[in-house]
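Enquirer: With the first letter of the sequence shown counted as 1, position 111 gets the number 111 in the UniProt record's numbering; the numbers rise by one all the way through.
Some hints here could point you the wrong way.
[Claimed, not checked] Derived DSS-like pairs (lysine-lysine); straight-line CA-CA distance at most 30 Å:
1) K41 - K73
2) K93 - K73
3) K41 - K162
[As the list claims (entries may be wrong)] Computed spacing ranges between beta-carbons, pair by pair:
4) E124 - L161: 19 to 27 Å
5) Q89 - L67: 34 to 42 Å
6) P121 - T15: 20 to 28 Å
7) P121 - A145: 14 to 22 Å
8) N190 - P105: 33 to 41 Å
9) A57 - D100: 30 to 38 Å
10) H46 - E124: 37 to 45 Å
11) A54 - R18: 28 to 36 Å
Note that these hints are calculated values from the structure, not bench results. In this text, a Cβ means the ideal position worked out from N, Cα and C, and glycines have one as well.
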Amino acid sequence: MIIAIDGPAASGKGTIARRLAAHFGLPHLDTGLLYRAVGAKALADHVNLDDEAALAALAGALDPAALDPEALKAGAVGEAASRVASLPQVRAKLLTLQQDFARQPGGAVLDGRDIGTVIAPEAEVKLFVTASPQARAARRHAELAGRGESVTLDAVLADILKRDQRDSGRANAPLIRAGDAALLDTTDMNIDESWQAALALVAAKRSGRVA
């Protein structure tokens, strides 16, 4: 079983994906970490974020097993990741890696921006997880503050809106809801409520009760 979970930043899709993977005993890939890793490497090596060929080379040399999720959660890395993710050559380098992960024996859970539309359009279960920009900004602000990063809520909201526009407006694999993806709006839900709602949607999709 392949479970594809898409949605904008800070919608809760990552937490939901991890819980679903644990619940069903499936491997999980946060595809955003791949782009964050490329962005982080570019920042560390002072690679211009508009140099598509150089960034694609970084993507081609990426070792998914060596990714450190905590180290890749800094705000600056998120902005860099959103920029490199809009580049076709970078996406092409990472496409096969993601598809191979999705199609491994037994299936997998993947979350990102284009899982249900590009990476695994054949997925048995597709969810599109979203929330209002204000709710997502508040979540991201709390997360950053918890890690000791000093940033205003207004700045986080502005970054969320800019990333939404970039992710949804890019010509290559934009963030859109797949036609057969169940919608989950977590604006007014806590983590446990979001998880329970997602689990119910998965059960409904598997039984054919959700189109």
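Enquirer: Indicate, hint by hint, whether the structure satisfies it.
Expert: Now the hints, each set against the structure:
1. Distance check on the hinted pair: K41 and K73 sit about 13 Å apart at the alpha-carbon level, within 30 Å; holds.
2. Among the hinted pairs, K93 with K73 is consistent with the structure: their alpha-carbon atoms are about 22 Å apart, no more than 30 Å.
3. Distance restraint check for K41 and K162: the Cα-Cα separation of roughly 22 Å lies within the 30 Å cut-off, and the hinted pair is therefore satisfied.
4. The hint said 19 to 27 Å for the Cβ distance between E124 and L161, and at roughly 33 Å that hint is violated.
5. The given range of 34 to 42 Å is broken by Q89 and L67, whose C-beta atoms sit roughly 20 Å from each other.
6. At about 24 Å, the CB distance of P121 to T15 agrees with the hint of 20 to 28 Å.
7. For the pair P121 and A145, the supplied restraint of 14 to 22 Å is violated, since their beta-carbon distance comes to about 38 Å.
8. Checking the proposed 33 to 41 Å range against N190 and P105 shows it holds: the Cβ atoms sit about 35 Å from each other.
9. Look at A57 against D100: about 20 Å separates their beta carbons, and that is not inside 30 to 38 Å.
10. The hinted range of 37 to 45 Å is satisfied by H46 and E124, whose Cβ atoms lie roughly 43 Å apart.
11. In this structure the supplied range 28 to 36 Å holds for A54 paired with R18, their Cβ-Cβ distance being about 32 Å.
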